[in-house]
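Please assemble the complex out of the two chains, which come individually in their own frames, going by the hints.
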Amino acid sequence: MNVVDMLEGKRVCICGGSGGVGKTTTAAAIAMGMAAEGGKVAVVTIDPARRLATSLGLDELGNDPRLVDPAVFTRRGMEMKGELWAMMLDPKRTFDELIARLAPNEQARDEVLANRIYQELSGAVAGSQEFTAIAKLYELDREGDYDLLVLDTPPSRNALDFLDAPDRLTSFFEGRALQVFLRPTGLGMRLFGRGTGVVFSILKRVTGIDLLQDLSVFFRSLGGMIDEFKERATAVNALLSDRGTTFLLVTSPEREPIEEATFFWRKLKAARMPFGGVIVNRVHHAYDLGDLDVARIASELEPELGPKLAGRVAENLSDYHVLAERDRENIAQLAHRLGGEERMILVPYLDSDVHDVDGLRAIHRYLWATEDERTAMLADVVA
Amino acid sequence: MVPAVVDGLLAKRLLFVTGKGGVGKSTVAAALGLVAARRGLRTMIAEVAGQDRVARSLGGGSTGFEEIQIAPGLFHISIDPQHALEEYLRFQIPARPMADLLSSSRMFQYFAAATPGMKELLTMGKVWELSQLQRRTRGAAAYDLTIVDAPATGHGIAILRSPGTFADVARVGPIAHQSRAVARTIADPTQTGVVAVAHAEEMAVTETLFLRDTLREDPKVPLAAVVVNALLADRFSTRHARSIGKALGTAGPPAARAALRAALSGHTRAGGQREQVESLRKGLGEEPIALPFVGPDRAPAGPSGRRQNGERAMFERLADALEESALAAAA
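Just so you know, the protein sequences line up as chains A and B, in that order. For the record, in the first sequence the residue sitting at position 226 is 226 according to the numbering used here, with numbers rising by one throughout. Just add 1000 to wherever you are in the second sequence, counting from 1, and you've got the numbering used here.
So here's chain B without its partners, still in its complex pose (with noise of 0.2 Å):
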């Protein structure tokens, strides 16, 4: 019996999304955050290093160091380090002039700069402090769930252990204090959890499998969640391939022999995912989450060579497939 693994991911508060390059990642951050809003939870879509692709994506435009609504109950922010600095400051030193003076002044301007893993450090205390009941910035409400779009596997290990780290580095002080808090939480399962996205590609499945493994001993996570994204319908049978392959023996008018090819190769192709599958399926000791290929728009592009509404509706339609699996595994 599968569990509803998507359920179970909802029911968090905060998920890092994170995965091979080019795997998706954002998309499946997207994907799971409309269906979170869906369900009525309100939805925080984060991402970090300045990066702002989901709200482009979503139609909302670029939001910045803001908690931006960009579709009914979800939410985005794109976080920075240096804003996230200064807010913490704030947060640190009631004393407004003494904050101010501190996050002018150059040394520590320096020292935020030259210490290592600090820009991490920083960009997780943000994305906890989203993911509070009791918010810390003033005036503003807690969300039901944080998504955070985080950079790809070797990165994203790095900055998810980025606060245990400080906290054993610091031992005592403010910044022990609270890296210690950020930890506990990243390490309670039933608060955190993190989402691993890959391809049915070897490679892929393989860092998958790293990943997991790598998470496991240090920040001692285990998976929440495995999607696997972009896998493509096999429309035909071994039978039709075979049919397909035989009609290609005898010369036809080109396009019919391109939709053979076309055919044949679509065939190859779904069939070496679904080998992937199975073995990520084998490595991991359970169901991956399956995501299909969402294809391009066939409407033309804008004038801005953007296909902004195509991308939403891939979004949606993501969403949509996310959901079916929820209802897949509950029945």
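Chain A on its own, in the form it takes in the complex (with noise of 0.2 Å):
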């Protein structure tokens, strides 16, 4: 099983995890891969950091794929026989675009972006990243111009957060909180008439009387897009579920990201969403040694070393090798809950940090080996 393999036949590949375990440079490994083999690949990320895109060669932040100068990989002797385009998503920007396409006429366009509810909420409150990050991607998919897209969700806490981000907003349009500020005894109405309920008279003193005329503007303009958010809402919805995507999860061996991981299956599952596969990255590699004999390894090494270091080098292998049982006992029980589905690749824990294109192909030359070669590339690394 390889990353090829797990892609065979999509064009739309979705990593998501939770935060920390190598998602983004993972998405963008998949890219480049993907694309030196020959394809027309984008990758979409969201990165506060921009520091990937800075070892692409792409200093701005950009709200459509760019492409990445073949040179930088030819110049480090890797073939580029497709095209590698990136992406860093602004999802404020991306809001404003989903806006004004949207929107019915010019006038409820410039409304809503003028209002100061959206201005100052639209690009931070949370959710807003995991929909606009769909939202863009579900254009570029109808656009059509790539043979894969590969997004890098957002790294929110709960990773989960970023699939329920259609259906939230489909059930926002459709419930009946929006009617409450848009039909014509609601209330948006009353604020201008002459609105005298008990309920909407606490209201008014416990919230202000401008934030709810803003927020009633707010609404009424958005309003009159429902019916285009929400159909989009549902389209995007189905491209999650479509048989031409697939969802890698990305983890690394500790024990709160592969519980994110195994949640974020089952919800998966439970949504018969496309499962590709998992990637575990940074596992430390279990020497196969049975019981480890400090002692000895010490006494083995001392001719070599001296004793004190000996001592010290034999020391620091039980340590590591703690760390190494504890990621093959996590592996082993995500494994498990997944039902033994052995769609899974091992990458090893990289002596140096991953942040640019030479990191990207060290963690490249994993996902796109067969199982054997992984095999023999760490013997190759541990003999």
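Take these hints with a grain of salt, some might be off.
To be verified - Beta-carbon label-pair distances, calculated as ranges:
id, chain 1, residue 1, chain 2, residue 2, range
1, B, K1282, A, H336, 38 to 48 Å
2, B, P1254, A, D358, 26 to 36 Å
3, A, A100, B, A1181, 47 to 57 Å
4, B, G1050, A, E325, 52 to 62 Å
5, A, A335, B, K1246, 31 to 41 Å
What the hints assert, rightly or not - Computed list of lysine to aspartate or glutamate pairs in EDC-like fashion (alpha-carbon distance at most 16 Å, straight line):
id, chain 1, residue 1, chain 2, residue 2
6, B, K1246, A, E304
7, A, K92, A, D64
8, A, K40, A, D145
9, B, K1012, B, D1188
10, A, K40, A, D64
11, A, K40, A, D147
12, A, K40, A, E143
13, B, K1246, A, E143
14, B, K1246, A, E300
Read the hints as simulated data drawn from the structure, not as lab findings. Beta carbons are placed, not taken as given, at the ideal position from N, Cα and C, and that holds for glycine.
Have a look at this one:
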């Protein structure tokens, strides 16, 4: 099983998982690898630090994919048969564009964009990154310019927020939340008319009339876009469960991310969304040494290193072994929870930090290797 | 001379711990809480968005929207917006039946659910309430220090900005009034501090500097401290590494070779981390607080698969390290 197997017949690949497990670099390495083989591939990422963009030679935050200069790869001896495109999503701008596209007319568009509540809050609140990320993905997919789209999901604390984003939006528009503001007898109208209900007067008291008015204007102008928004959210949801889409779970072998990956997987299954496999990054290699005999190892190393250093080196292996064992247990548990689905790629904990094209290539080698090749590569590193 | 950063943090009333995903924000929040409690401060650790990781790891079980003692002098609450909303209404509307009428009113539920940023504001409102000397919660005693295990960088910034934003948008009325009070507290460095947690990795370092710059702009607060978490101890000098490399050149038994490999990669990683700490130090113009990598407990997992005592021990070890860094700074 390698990444190419996982992506067989797919045109959209969504990398999900909790923060700090190497999602961004994994997504970039996958996109780079598929492009190297001849595809036209775009990677969409949200990376507040923008470091990866810089390493790919993209210095600006753009809202459309940009072609990564093939020289970035050829300079390093990597053949690039296809094209790698990359974009760093700016949630605020993406939301603005979406409003512009869905607004029935210029006046409605300007009203929303000029609304203070919208301006202050559209880019920042929980859920807006998740939603804009898939909205952008949907657009790129519909334009159909790419063989493969790879999405690096936003670093939300709860990775599941991402899956819920379109549903939340749909239920918001379908639900009565908005209707309260929009229907003729609703809050919005009462604000401007002679609203007298008890609830309304208390609400006015606890919130303040200004805020209610701004909100009311905001919702009224959004109101004109309800149908378009609903349609959009439904289409986005359909894309998530499309046969051409696959979810790859990215995790590290630590307990928390593994638990998060398990929940994510269950949720995918429950929602009948396509699951491609798991990539476990930063795995400490489990040397197959049976019971570790620190004293024996130290004595074996002593002639070469002297007693003090030999002891320290042996002790260090013992500490390392604890980590490797923890990784092995956690990964076994994940495999067990996933019903023994052997769609898993383990990427070793590399000695150097991955943040540039060389780092991407190092990961890429493991993602593209077959099971046997991976074993051989590890043996090579380890021997 | 390095200032006694940890002491400075403990002298505040409200701390927000944020940083890149996966760098150990909760762990650092918990360790700070333990240090504060050891010094005799009545300390609250608040988790947001209904999380309760710290409480579970410290062995206190899940607490919910209740202030529960999980260790001597250390309390915990898990804040969710719905409970915060109900509480807020009871404060705002002294007449209980009216408050209940409003919180059970659909119109109001919709209003709260639909208003962008309202969840963040309600969470911040509760955090602020916890940090006050005069608590509004009936019968509640004041805390000397409230530590918020905040969301990761992007959402962490949003949550810190939400009171200021609402104060601007609402202009007048109770929400404006309340938001302004919260925003004032956040912007006051004698009361409030933001602690950024990072790993010694390029992307985490860059994100920390980005966080610093962004917070300076809005809500105009400086970082009170930067913590570099999970630093590997380098057991080997460059000279050692040369000897180890040489030994690896000759054949040997597999276990001995594995030991040599592990030693070399540990040395390489620690060296890489040192470079990153250096670039963080340069970017910040000051010394970050360094915390060691604390490995998993060696005892086997219990029947539940969790190493609860092990996790607690890990937090205690990190708290020790924080105290040592405070001592070292004072020396």
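Taking the hints in turn, this is what the structure says about them:
no., hint, verdict
1, B:K1282 x A:H336: 38 to 48 Å, "holds (46 Å)"
2, B:P1254 x A:D358: 26 to 36 Å, "holds (30 Å)"
3, A:A100 x B:A1181: 47 to 57 Å, "violated (37 Å)"
4, B:G1050 x A:E325: 52 to 62 Å, "violated (33 Å)"
5, A:A335 x B:K1246: 31 to 41 Å, "holds (39 Å)"
6, B:K1246 x A:E304, "holds (9 Å)"
7, A:K92 x A:D64, "holds (14 Å)"
8, A:K40 x A:D145, "holds (8 Å)"
9, B:K1012 x B:D1188, "holds (10 Å)"
10, A:K40 x A:D64, "holds (15 Å)"
11, A:K40 x A:D147, "holds (5 Å)"
12, A:K40 x A:E143, "holds (13 Å)"
13, B:K1246 x A:E143, "violated (57 Å)"
14, B:K1246 x A:E300, "holds (15 Å)"
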